[in-house]
Amino acid sequence: MVRGSSQRQLASGTEGVPALALTPIINLVLLLTAALLVAGSWVATSAVVVVAPRINSEASVAASAPASDQAPLHLTIVITDQGFYLATSGRVLSANLTDTAVVHGPTVPRRADGSYDFVELTAKLAVVKDAFPEESRVVISAEPEIGFGVVVQTMDAARHGGDRGELFADVVLSADVG
Amino acid sequence: MRQRRRPRPQLDSSVPLALTSLLDITAIVLICVLRFLVSTPLALPVAGVALPVATTGQPVTDATTIAITADHLIVNDRAVARIERGQVATSAKRDGADGYFITPLHAALVEAAAASRRLKHGFDGAVLIVADRNVPFRLLSEVLYTAGQAEFGRFEFAVVNTR
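Residue numbers (numbering that gives the first Met the number 0), protein chains in the order written: chain D, 0 to 177; chain C, 0 to 162.
Simulated from the structure, these hints should not be mistaken for laboratory data. Be careful, since some hints might not be right.
To be verified - Simulated coverage check for chain D against chain C, where a stretch passes if three residues somewhere in it have a Cβ under 8 Å from a Cβ of chain C: (1) 18-24; (2) 27-37; (3) 81-87; (4) 103-115; (5) 124-130.
Since we're looking at a predicted model, the values are computed, not measured. Ideal Cβ placement from N, Cα and C applies to all residues, glycine included.
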């Protein structure tokens, strides 16, 4: 005689205990997982850190000065609608990175297509870094209408020189030059 | 002689499907997703903000957040000032149109700093700025100046990391 399922349950001692219905729970959990995956943004976000400019005090000037015998560099990048101006200790650098009292144009002009030349900026900063290897501070300023995206890309270009490694890691933002 | 076709075995409908292991895997995946969403403050970026792009950066920390959208200045999910054509209204500035001090932003940041001091062991002065890539530098300067006046001195800019 063939035994039915109820007879098998009797034999195994599980009479009266209903089987746990897991299928709806799995459905629910799967839907919840899918909903969270869709709702979440998987863009890799991170943070770029800058410090607030300090009021000129003896302590802050001493802290920012390099430990070597070299005079402080006071490297400044000014972003304008024409391109980047580099300046050190109040003197603007020309395109060949020589000091000039008369400004003829940006140190790194914009490209012909109107985009900012961050590669050239990094190359120029690498030359400055070679001359001042102890220096790590750069002040970045911009004209009022320059977009935040350009400012961040400039910080990016000033911090890392690709294969060259770290350039000027301590970025200080200064008020606009308008 | 033609070989007889072997009949396909019939599935025994009385054998229950083993779902426990599948349920375990699904639960683990769900917990991982929830943990990622909780531990990443910027998992859900501010709507209407196109973040700037950078190749460098460090993990986003849990700090007071200032969002600069096209329409509003938002501190910790609360709109504090309106923005029109890239400028804060003159009435919201203490020193007039040319001033840098944004009064409602300062009040909200002072409040946030006080709350941070109460809830955390130490106030580190960190503020996370989530700004659209087209926000003009002048507006950003005003926000930084006002945050500095509210004792925030460490600025973190949220970016999209391309590396």
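Right, here's what the structure says about each hint:
no. : hint    : result
1   : 18-24   : holds (count 4)
2   : 27-37   : holds (count 6)
3   : 81-87   : violated (count 0)
4   : 103-115 : violated (count 0)
5   : 124-130 : violated (count 0)
Going down the numbered hints, you'll see the structure goes against 3, 4, 5, while the others check out.
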